[in-house]
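A.B. asks: Quick mapping for you: the protein sequence lines, in order, are chains Z and L.
Per the working numbering, the very first residue in the first sequence carries number 1; after that it's consecutive.
Per the working numbering, the very first residue in the second sequence carries number 1001; after that it's consecutive.
Honestly, the hints are just simulated from the structure, not real lab data.
Computed from a predicted model, the values in this text were never measured in an experiment.
It cannot be assumed that every hint is accurate.
To be verified - Stretch by stretch, here's where chain L covers chain Z in the computed footprint (C-beta under 8 Å, at least three residues): (1) 150-164; (2) 187-200; (3) 206-214; (4) 233-240; (5) 248-260; (6) 281-295.
What the hints assert, rightly or not - Calculated lysine-lysine pairs in the DSSO-like style (CA-CA distance at most 27 Å, straight line): (7) L:1244 to Z:293; (8) L:1244 to L:1100; (9) L:1293 to Z:187; (10) Z:298 to L:1120; (11) Z:299 to L:1223; (12) L:1221 to Z:292; (13) Z:223 to L:1100; (14) Z:223 to L:1292; (15) L:1293 to Z:288; (16) L:1120 to L:1223; (17) L:1066 to Z:223; (18) Z:293 to L:1276; (19) L:1293 to L:1188; (20) Z:123 to L:1293; (21) L:1276 to L:1293; (22) Z:188 to L:1221; (23) Z:276 to Z:293; (24) L:1120 to Z:288; (25) L:1292 to Z:292.
Every residue gets a Cβ at the ideal spot worked out from N, C-alpha and C, and that includes glycine.
There are 2 protein chains.
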Amino acid sequence: MTNLHTEKQTGEKTTKTPEKQTGRTATIIGIGLIGGSLALDLKDSGFCSHITGVEANPEHAAEAKKLGLVDEILPLKDAVKKSELVIIAVPVDATIPVLKAVLDETENQIITDVGSTKEKIAKSVKGHPRRGRFVPSHPIWGTEFSGPSAAVRGGFSGNVTVICDKNECDPDSLAGIEAMYDAIGMKKIYMDSVSHDVHAAYVSHISHATSFSLALSVLEKEKEVDTIFQLAGAGFESTVRLAKSNPETWVPIFMENRENLLDVLEEQIERLLEMKECLRHNDTKRLKSLMKKANEIKKVLKK
Amino acid sequence: MTNLHTEKQTGEKTTKTPEKQTGRTATIIGIGLIGGSLALDLKDSGFCSHITGVEANPEHAAEAKKLGLVDEILPLKDAVKKSELVIIAVPVDATIPVLKAVLDETENQIITDVGSTKEKIAKSVKGHPRRGRFVPSHPIWGTEFSGPSAAVRGGFSGNVTVICDKNECDPDSLAGIEAMYDAIGMKKIYMDSVSHDVHAAYVSHISHATSFSLALSVLEKEKEVDTIFQLAGAGFESTVRLAKSNPETWVPIFMENRENLLDVLEEQIERLLEMKECLRHNDTKRLKSLMKKANEIKKVLKK
C-alpha cells in the first residue's frame, strides 16, 4: 500500500488489460477512502482510462479533482450516461436510492457497489427491469481514515472481495466486475447477500463495535489522558484503532446489519460477563480454559 | 524490531555504557519473550557482559542456551551470587516467591522485575530488610508470542518503562535500573505501584480481555472457520491479535489486577449494552454521538 502523495501514477500499464484494448470509462459515485482508492487502482492497472466522479460534498469534489483521483466531476445522470462502468461507493444507507437512480438511467452499463452490507441493498432492486446489470460486491479492505485524502494506492491488492447473488446478474455484467477485481489484484469469493451480512457481522462489524466501546470505556474511566498516551502499548493501539473510524460510514453499516450485529453483540457481552465471573470468583481454572479456547483464533488468522 | 534469527550480534557497542567501563554481570530469571528479549538488548547495548539464566522449564532452558540468549543456566542461588544485577521475568504470580528468594540471597545486587502488575508485588516485600535493593518496573512492550523463541532484538527501544515507588529504592539501585532502561532505549516514567495497576487495567489489561472475548464470540458463533479466514480483514486481525496471548502469562496478570480489571470490564459491558440499545431502538442519533465520542481516542494515540 503506498500513499497517494508519495508515488506518481505512471500509466505504463494501460495496455495490460486482456479483455479490452483500451481502458473503460467509469463513474465512481462517492470519492472517499474506498471510491478514491479504487479510482487510483483502476487507472494504475489500466482497467479504466477515464474516471468521472459524482460527489455530493462540494469540498470532497474539489479535493478529489485536485488530488487527481478523477478526471472530472459531473452530476449523476450525465456521469452514468457517458460511462461503461458505474461504481457506487457512498455510505450503505445512501446506496439504495443512488442505486435506483443509476438503474433508472442505465442502458447497458455494468454496475456495482462496494458496501459493507449487502442484504437490504440487493433486496431493494429485486424485480427492477435492469436488475441484471447490478453486481453487488464488497471488497474487504479499508483503513480507519476517510475522505478523498484517505485514498491510497494498492490497498485492495491481495485482499478478498465478496461477490453476491451472482445468479441474478447478467453474465456480461458479472464478467466485467470480476475482471475489474482481477485487475486490482483481489481474490474473489461468492456467497448470497444474506449469508454475507451474517458473516460480516462476525468478522468485521463486531470488531468495530468492540473497538468503539473500548475507546468509550477508557475515555470514560481514564480522565488522565496524558497517562493513556504514555502507557498505551501496541496492544492497546491495535485494539482501539477501529474506534477512529468515521461515524458517517459506520452508523449506516450498523443499522443496515442490526439484526445480525445484535446477535453477535449479545454473544460478546455474554463472554465478557463470563470473564467477569471468573475474576469475581477467583476461578483461574475457568479463566485459563477460556483463554486457551480463545487462542484457537490463531488457526484462522493469516499471521 | 529485528528478529533474533535474522541479525547477528555485533557486540560493537560494548564500550558505550557511560556508568561503567565493562558490562555488568546479570541474572535473568525466566527466559521467555520478555526475559529473552532483554537478554539480547542488554548484551547488544553493552550494558551486560555476562548473562546467567534461571529457568524452571528444562526445555526453555535448553532452548535459551541454544539460541544464545544466555551464557549459562544456573540454579537461582548460584546465579544471584555471581551477578550484580538480577531481573525477574517470570509470570506475575510467580514473581512474589521468586523475589523473596532473591532478596534473601541478596548482598548488594540491584534487582528489578518486569511484571505487568505492580501493587501486590511491591506490597509483598514491604518491610524486608533488603527492600531497597528492589526497583519495581514494567517495560511496556510485548508481542502475542511467548517462550525463548519469541525473543526479538530492539523491541523495547522507543517504548516506555514505568518505575514504581522510587522513594523506597536505594539510590544506587534505582540509578542502576534507570541506566539499564536508558541503555536499551526506553523512556522512563514514574508512578506509585497502586496507580500503575489502575492505569494498566485501562490501557492494557482490558484490551486483552476484550480481544479474548471477541475471539470466543466469533469462534462460538461462526462455525464456518474457513469463512472467517477468507473474510477477515485487517480490522478483525488487529482487534483479535491479543487473543493469541499466552494464558500462562495472562491468567496471573488478570488475577493480580482483578479489582481494577473488574471495574473496567463493568464499564466495557455497559458501553456494549448502550450500543445494543441504540441498535434495538434504531437510535441512529445516539449511536452517532457514541461513535463521535469514541473518535476522541485519536487524540491519545500515537498514530
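A.B. asks: Could you tell me which of the hints above the structure violates, numbers in ascending order?
C.D. replies: Of the numbered hints given earlier, those the structure breaks are 8, 9, 10, 13, 15, 16, 17, 19, 20, 25, listed in rising order.
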